[in-house]
Amino acid sequence: GAGVSQSPRYKVAKRGQDVALRCDPISGHVSLFWYQQALGQGPEFLTYFQNEAQLDKSGLPSDRFFAERPEGSVSTLKIQRTQQEDSAVYLCASWTSGTVNTEAFFGQGTRLTVV
Amino acid sequence: KQEVTQIPAALSVPEGENLVLNCSFTDSAIYNLQWFRQDPGKGLTSLLLIQSSQREQTSGRLNASLDKSSGRSTLYIAASQPGDSATYLCAVSVNDMRFGAGTRLTVKP
Numbered sequence: 001g002a003g004v005s006q007s008p009r010y011k012v013a014k015r016g017q018d019v020a021l022r023c024d025p026i027s028g029h030v031s032l033f034w035y036q037q038a039l040g041q042g043p044e045f046l047t048y049f050q051n052e053a054q055l056d057k058s059g060l061p062s063d064r065f066f067a068e069r070p071e072g073s074v075s076t077l078k079i080q081r082t083q084q085e086d087s088a089v090y091l092c093a094s095w096t097s098g099t100v101n102t103e104a105f106f107g108q109g110t111r112l113t114v115v
Numbered sequence: 001k002q003e004v005t006q007i008p009a010a011l012s013v014p015e016g017e018n019l020v021l022n023c024s025f026t027d028s029a030i031y032n033l034q035w036f037r038q039d040p041g042k043g044l045t046s047l048l049l050i051q052s053s054q055r056e057q058t059s060g061r062l063n064a065s066l067d068k069s070s071g072r073s074t075l076y077i078a079a080s081q082p083g084d085s086a087t088y089l090c091a092v093s094v095n096d097m098r099f100g101a102g103t104r105l106t107v108k109p
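Protein sequence lines, in the order shown, are assigned to chains A and B.
The first sequence stops at residue 115 when you use my numbering, and every number in between is there.
The second sequence stops at residue 109 when you use my numbering, and every number in between is there.
If you're looking for bench data, these hints aren't it; they were derived computationally from the structure.
If you're wondering where the values come from, they're calculated on a predicted model, not measured in any experiment.
Even glycine gets a Cβ: it sits at the ideal position worked out from N, Cα and C.
Heads up, some of the hints might be wrong.
As the list claims (entries may be wrong) - Short, incomplete list of chain B residues facing chain A, as computed with Cβ under 8 angstroms:
id, residue
1, I7
2, P40
3, K68
4, D96
5, R98
Unchecked claim - With a Cα cut of at most 25 angstroms, we get these calculated BS3-like pairs of lysine-lysine:
id, chain 1, residue 1, chain 2, residue 2
6, B, K1, A, K57
7, B, K42, A, K14
8, B, K68, A, K78
9, B, K42, A, K11
10, A, K57, A, K78
Same shape as in the complex, but just chain A (with noise of 0.2 angstroms):
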């Protein structure tokens, strides 16, 4: 596709529930992230993938949060038995290669309401 693709733009949860965001990277892009962006504030790291390989997820607040890319291209966020503060928008950016050394593309993102 021409950019990052993100679905559902928008997901309402009720708390205890659980979810699954998508992300649908430039075609051929190595690398992939997640962020996850509190009203008000930049993005915060949540978790990096290089191809299928998850290098580092180390931003991942709590065990409730799950990520995944097993083909090396599409990558899905599940949040498990969301809470109240899990409410946020989540980011997802794409690279052509396999270090941030690059220009970075992201998505329009989810917007994810726990209530």
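Position chain B against the provided structure of chain A, taking the given hints into account.
Same frame as chain A, but now just chain B:
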């Protein structure tokens, strides 16, 4: 841990004014620094990417400078327009990309 700070948090200027946004970072061992624009409810759009070996980059009315040794970058916007109103974010890259909290810019007609 890399800390990125942006000053000011918000800025309101009349149309036509030149302005400077500031970004500082604590660890100078970076690959690059990138400036982004974010419109309300939207994702991030890359404006300028400065590699660690570069001092500045220019695109149209935008000029970004990088002083790695002092841990600072500035984004200069010339002849501001109402369409420039958005949040501007800087991000530094080492093994991942770390963001500041952004500067919310309003350009009044």
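Looking at the structure, which of the earlier hints fail to hold?
-> Violated: hints 1, 2, 3 and 8.
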